[in-house]
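Below, each chain spelled out in residue letters.
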Amino acid sequence: MNTARALDTFVRLSCARCSTSHRVRDIYALKPGMKATCASCRAPFVVVAMPTTGLNNAGFSPVVDAAPHQDVESVDREGVRTEDTQRPGSKRQRAVFYGTGGTLFGIHLVNTLLTLATLGFYYYWAKVRVRTFLFSQTEFAGDRFSYHGSARELLNGALKAGLIFGVPYFVLENAGPFLGASMAIQIGLQTAAWLLLFLFIPFAISGARRYRLSRTAWRGIRFSFQGNTLHFIKLWLLGYFLTGVTLGLYYPYFSTKKHAFLTAHSYFGSEPFKFSGNGAALFRPFLTMYLSAVTVAFIVGLGLYSFIEFPMPNFTEPETMGPLVIGAVAGLLIGALVLRLLWLPYSVKEQRFFWEQTSIGASRFQLPITLWPYLKLKLGNLLFMICTLGLAWPWITIRNIQFMTDHLTLVGADNFNEIVQAYDGAPPIGEGLDGFLDTGFDLG
Amino acid sequence: MPSLWHGHYLDGRQATRHLVTIQLTQTTLQIVKADGQIIHWPYGELTQTQGAYEGEQVRLEHGVPLPQTVIVENAAFLTAMQEAAASSATHFHNPKKRPLRLRLTILAGLALMGVIAGFYFWGIPGLAKLVAPHVPISWEEQFGIAVLEQIAPPASRCVAQNHLPALQSIVSRLSQAVPGSPYRIQLTVVDRPLINAFALPGGQVVIYRGLLEVAQTSEQLAGVLAHELQHIYKQHSTRAMIEQASTSLLIAAVSGDFTGALAYGIEGARVLGVLRYSRLLEDEADREGLALLKTVGIDPAEMIAFYRVMEAEHPDDSAAFSFLSTHPHTGARIATLTELAGVPPSHPVKLFSNEEWKEVRALCTPPTASVPPVSKDNNP
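Quick note, the sequences are listed as chains A and B, same order.
Using our numbering, you'd call the opening residue of the first sequence number 1 and step up by one each time.
Using our numbering, you'd call the opening residue of the second sequence number 1 and step up by one each time.
Worth flagging that the hints you see were computed from the coordinates, not collected in a lab.
Please note that a few of the clues may not be correct.
Pairwise CB distance ranges, derived in the manner of DEER restraints [as the list claims (entries may be wrong)]:
(1) B:Gly44 x A:Trp343: 33 to 41 Å
(2) B:Asn196 x A:Ala192: 51 to 59 Å
(3) B:Glu45 x A:Arg284: 36 to 44 Å
(4) B:Ser248 x A:Leu199: 20 to 28 Å
(5) A:Leu199 x B:Ala291: 49 to 57 Å
Note that the coordinates shown come from a computational prediction; the quantities given were computed from them, not determined experimentally.
Using N, Cα and C, we set each Cβ at its ideal position, and we do this for glycine too.
Whenever a hint applies, use it, and build me the whole structure from the sequences.
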């Protein structure tokens, strides 16, 4: 190998049609007019010009879609150029995931062995190894993400959360029967346990996001979450309250507000993410799903009630409560099942909406996913998992990541070069309980 | 191997990549920026955070908490660094050792299978056996009573005052053969036609009317009760709870992190795993129950006869699918018990005469005016 060959002579290109990433081993071997086809979708590529100067970082961004640069462009089968039609300077960029299930399985095997051998103690180190691998295999605009968390921090976070929430929850949950307390006290303790758990969830969401983002970097710049946890808990409580009193109809507004809070307080270095939507756009699909489920539940409930009730039409007798209860329970169960099934298409719409309302700088995200591919992914995962009794975890994890990297796109002019570090270097886990609510922590 | 490489440099302050040339010397990494500035990083101060796996870039970081970074696409850079720096670069990943890592991973996989088998076949049952005796009896009793209230509420019980003591006398006869046991056995008969009986922690035994009706002799019922009492004495419910929790943990460790609907997918593995433990406990209750009958002097053939009745009630049970059951296959249980029964006692104990038994087992029907029989062996 000579010196020239040792230099970085390869680049990656993404197919404009199917986004598959391709590696060109030696950029200097390309000649204008050379042709190739995408191994995945057979779309032809043609080299139209070569760089005259040395390798230029900005010009060879491997995930820039639709070959927006002068050196290589792609044409589709009909010969129509599919060059980016956005305004000048605008790019369509997508992440690429390179990891394989086999490698992750290897990591997982060793992790599991060590976790079992140390009776669970290695769990946090295992977690860090997996995250480091997954981040390292994810590339955006030519650079990999990097994970900077440590097992010690995860362990600390879990211990603190365990002491402050876990132990009191366990005591409240289990003390009743052992104290021989009266039924009223037992119900009181149980309610207190549920309340504690209910408060813990928003706290955990906020803390985990703060920690994880602070330990995630791209091009050496850390992400961060700067939302106030107390504000998030208030939003959470109010959202649940309004969802409850509107019999669930407030949910799309609540979920959007929740997502907006988490997104709009997130930063990449000095650059904030922005979220522009409100729940109104999701209300219609939600209402359709909601009314369908309620209608089915009502028809099933009423139908079953009439079916049982018909032979003995004693509406005033107390035993008519039987058919009524059976009808109501069956209606609720079937309604819940219908809701669960219809949730999948709703979830697709919700995810699309959430990403499409998210932007950073002058670029906006897009997630053009549709129901069928999403359904195939989720059902495939479930089937895969049941058949392997859980052993397929590495492949399922990678399938999920690849689904996202294949679809999630950032469109617009990027200003990455202007973004500066904003990480203050403070440890994510606060000392003592002062400001504990706003410390980042992770349960692992 | 060349000592000059191209890479990218990140200063940790801005998200701008700088194309740099990297020179490997014996002690330091020399980074030459486009403006001619040269940075020296001693190998000992560098951390490699990426590049240990196929397809990864080589990423070297310098400084904390916000490191400066150098990224090189080509993994051969690592080999070159090992060659150039020799002793001071040993903490970096060496791509030449990847085949060794693969072999070690395969070995780890094999070792893992051994560890899982060890945990499953010995570790978890052993742990349950070790921990169960330290669970306070009062906890078991309270738990047993709470469950009894749920599954056999007072309104569902047969409470014929004149016949229940007769059944209780069989229980006493059996429990007296286990001196020093801290459990007080309490019998409950439920007015339902199921042919079933079960034990709850802390001393509660529940039998259904259906079972009483198919038991042809009092000794057959004693066989069933001996089995159930051994569930209590051997703390099978407590052990089962420990085994279930431990199996869930084992499966969680092996199968990685699953959330949402996928978490239900591994439920199958958990249920299958726990069912085997259940069958093992049933087998132990059978064996120990039979031993208890022998101690009391009741012919074990009575217990076996009752199992034959059960087998006749469920002729469709398939031995091939017994791994899906909480209990071993009845045919296999009869075979095991027959083997253990040995020589029948020369003077087997008879608890009730057939006439007395017919009256006792009609416990759930409205009481008659007859005098209740009591186990003969309890009569002075």
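Which of the listed hints are broken here?
Result: hints 1, 2 and 3 break, sorted rising.
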